[in-house]
Amino acid sequence: GNSVTQMEGPVTLSEEAFLTINCTYTATGYPSLFWYVQYPGEGLQLLLKATKADDKGSNKGFEATYRKETTSFHLEKGSVQVSDSAVYFCALTPFGNEKLTFGTGTRLTIIP
Amino acid sequence: GAVVSQHPSWVICKSGTSVKIECRSLDFQATTMFWYRQFPKQSLMLMATSNEGSKATYEQGVEKDKFLINHASLTLSTLTVTSAHPEDSSFYICSAWRLAGAGSTDTQYFGPGTRLTVL
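First to last, the sequence lines map onto chains A and B. Take the first sequence: its position 43, counting from 1, is numbered 43 in the working numbering, and each next residue is one higher. Take the second sequence: its position 41, counting from 1, is numbered 41 in the working numbering, and each next residue is one higher.
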């Protein structure tokens, strides 16, 4: 079956540090890959996505590249801000299907 | 962006009672909504797919008689936890599937979640 594995948190960084949150997946065929973010007290929001190999999703300074050879979709940001503190979820949908499979989430805390 | 609300945001009930959770898409119509369950420090687990005007589709291992889903309109889906027990305590999250319009892509929008505690 499909599965998503992401690095366990919590992750604590200083402001302006470089961020990487690892995500790897197992799926048949060609899934679409997503990063969702959940800010305190709010619902999950789509942060970025990629639908085919070598695609790069980007939004709000965050980037992730769909690497089929390593089945990975690592989230990166060059300089994090306090406002980036949230829980980040990596997820996938199988090709032709809208059902999301989520990773366990990584709590990120940025300290000034 | 699109907004999905859930009500209540938290609920505490006695064992054996039933609890209804509402999920509403506030500014778009959703023929498909999803219900998830999240345990502490664990992933969101898809429970069922709610389809407007038809029966919900449940994931393997989810008791359909325990978790009743009704999608009576294009903006409202409800999840009723019947005869709740302490092991049903969890964080329940819904999402609504918004079909793409011109120049956009299909996207799932999530509600803020409902925390259920069964005593």
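Because the hints were derived from the structure by calculation, they are not lab data. A hint or two may mislead.
[To be verified] Here are the in silico distance ranges between beta carbons for each label pair:
(1) A:GLU16 to B:THR80: 16 to 22 angstroms
(2) A:PHE95 to B:GLN42: 50 to 56 angstroms
(3) B:SER9 to A:THR28: 34 to 40 angstroms
(4) B:HIS85 to A:VAL82: 38 to 44 angstroms
(5) A:ARG107 to B:HIS7: 35 to 41 angstroms
(6) A:GLY41 to B:ASP27: 47 to 53 angstroms
(7) B:LYS41 to A:GLU15: 21 to 27 angstroms
(8) A:SER83 to B:GLU52: 32 to 38 angstroms
Heads up, the beta-carbon is just placed ideally off N, CA and C, and yes, glycines get one too.
Open item on the list: Does the beta carbon distance between HIS85 (chain B) and VAL82 (chain A) stay inside 38 to 44 angstroms, or does it fall outside?
Closed with: Holds - the Cβ-Cβ distance for HIS85 (chain B) and VAL82 (chain A), about 41 angstroms, lies within 38 to 44 angstroms.
- [ ] Determine whether the Cβ-Cβ distance between LYS41 (chain B) and GLU15 (chain A) falls within the hinted range of 21 to 27 angstroms.
- [x] holds (26 angstroms)
Open item on the list: The hint says 16 to 22 angstroms between GLU16 (chain A) and THR80 (chain B); measuring C-beta to C-beta, is that right?
Closed with: violated (48 angstroms)
TODO: Hint says 35 to 41 angstroms; check whether the CB-CB distance for ARG107 (chain A) and HIS7 (chain B) agrees.
DONE: violated (26 angstroms)
Open item on the list: I want to verify a distance hint. Is the separation of the beta carbons of PHE95 (chain A) and GLN42 (chain B) within 50 to 56 angstroms?
Closed with: violated (26 angstroms)
- [ ] Go ahead and decide if the range 34 to 40 angstroms is satisfied by the Cβ distance of SER9 (chain B) to THR28 (chain A).
- [x] Hint holds: Cβ distance 37 angstroms, inside 34 to 40 angstroms.
Task: Supplied distance hint 47 to 53 angstroms, evaluated on CB atoms of GLY41 (chain A) and ASP27 (chain B) - done: violated (20 angstroms)
Task: Cβ distance range 32 to 38 angstroms for SER83 (chain A) and GLU52 (chain B), holds or violated - done: About 36 angstroms separates the Cβ atoms of SER83 (chain A) and GLU52 (chain B), which means 32 to 38 angstroms holds.
Violated hints, in rising order: 1, 2, 5 and 6; the structure is consistent with all others.
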